[in-house]
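K.L.:
Please work from the sequences and hints to get the whole structure.
Spelled out, the chains give:
Number of protein chains: 4
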Amino acid sequence: MPGYSLSKDEYTSRLRRIEGQVRGLQRLIDEDTYCIDVLTQISSVTKALQSVGMGLLDEHIRHCVQEAAAESEEAGNAKIDEATAAIARLLRS
Amino acid sequence: MPGYSLSKDEYTSRLRRIEGQVRGLQRLIDEDTYCIDVLTQISSVTKALQSVGMGLLDEHIRHCVQEAAAESEEAGNAKIDEATAAIARLLRS
Amino acid sequence: MPGYSLSKDEYTSRLRRIEGQVRGLQRLIDEDTYCIDVLTQISSVTKALQSVGMGLLDEHIRHCVQEAAAESEEAGNAKIDEATAAIARLLRS
Amino acid sequence: MPGYSLSKDEYTSRLRRIEGQVRGLQRLIDEDTYCIDVLTQISSVTKALQSVGMGLLDEHIRHCVQEAAAESEEAGNAKIDEATAAIARLLRS
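Residue numbers (the working numbering), protein chains in the order written: chain A, 1 to 93; chain B, 1 to 93; chain C, 1 to 93; chain D, 1 to 93.
No wet-lab data here; the hints were simulated from the structure. Each hint should be verified, as a subset may be incorrect.
One copy or two, it doesn't matter: identical chains are merged, so the pair holds either way.
With a Cα cut of at most 16 Å, we get these calculated EDC-like pairs of lysine to aspartate or glutamate [as the list claims (entries may be wrong)]:
1. 8 <-> 59
2. 8 <-> 73
3. 79 <-> 19
4. 8 <-> 32
5. 47 <-> 9
P.N.:
Rendered as structure tokens:
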């Protein structure tokens, strides 16, 4: 399959890995790890989360928008409004 | 205390909350929640993580850089190089 | 019209304003303005540019993707691949 | 010189190049260039601006913060507060 879309199992396993990384961050703080090393790990967790977000966004455009657009232009436009608002939120986060 | 610096307990409790949010994301995926709602939640987790990162960065500049600079200019500059590299990584993540 | 789409004239006038802001940045540097004030201005120019980018992205999804999807699923998917790659680039910039 | 710090001339020449890129964006819009190609160019201008911002931030930490810290802890902390606020603005832009 092209693009970013993932299966439900892939989302779950990625999020489970991210959960483990966040638990790892707590351990790093607990062990007084050097702050720059914790920061590097935070950047990596953020990237992993954004990548899950990109997958969901791709899915939204590929499926929700297209299905709604096949129904009516108005329905399609409503889904596109949601997509651009979500992209703007991702850009600001 | 001014700025973003947090106590060890505050970092731990924030990260524990983020861990819970990531578990919540898995539940959202599992229950086939509408992708835009999952995305909104991902933006919020990303923001929470970045805020922890900002706290660590502030701490690094406030303590590590200043202590190293009190030792020698060379040591201070080395810590500043690490700080700017970490900021650049945060900006790209 | 809902969303971020702008007319050609609006894009041009926004970009002309951004060009003026970048010239203003050169003046700030030339006059040895305090670096934090220059940085605040850079954040504002970056936001203005990202907002133009969001407009174009909205346009791409609203027009190019929908037109291509009306032609064939393959054509629509190709345009969506381009959109998600562009979003990923915006997120990393 | 280590890190991201640039000379005044380098800032000026980088900003002049960015100004030219923004004028180029106006031409792309004027010639109805394909929106994805305009977006790619916007990502590249944004990156160039952020890189100028990183230079200024590095300079602020390397010079303003250190000089102020040599004066008094209070003065140093005030400059660090400004730095972390500026980083937070860059992250949100």
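K.L.:
All hints are to be evaluated individually against the structure, with a verdict given for each.
P.N.:
Comparing the hints with the structure gives:
no.: 1; hint: 8 <-> 59; verdict: within (11 Å within a copy, 29 Å between copies)
no.: 2; hint: 8 <-> 73; verdict: neither (29 Å within a copy, 22 Å between copies)
no.: 3; hint: 79 <-> 19; verdict: neither (30 Å within a copy, 30 Å between copies)
no.: 4; hint: 8 <-> 32; verdict: between (36 Å within a copy, 9 Å between copies)
no.: 5; hint: 47 <-> 9; verdict: neither (19 Å within a copy, 25 Å between copies)
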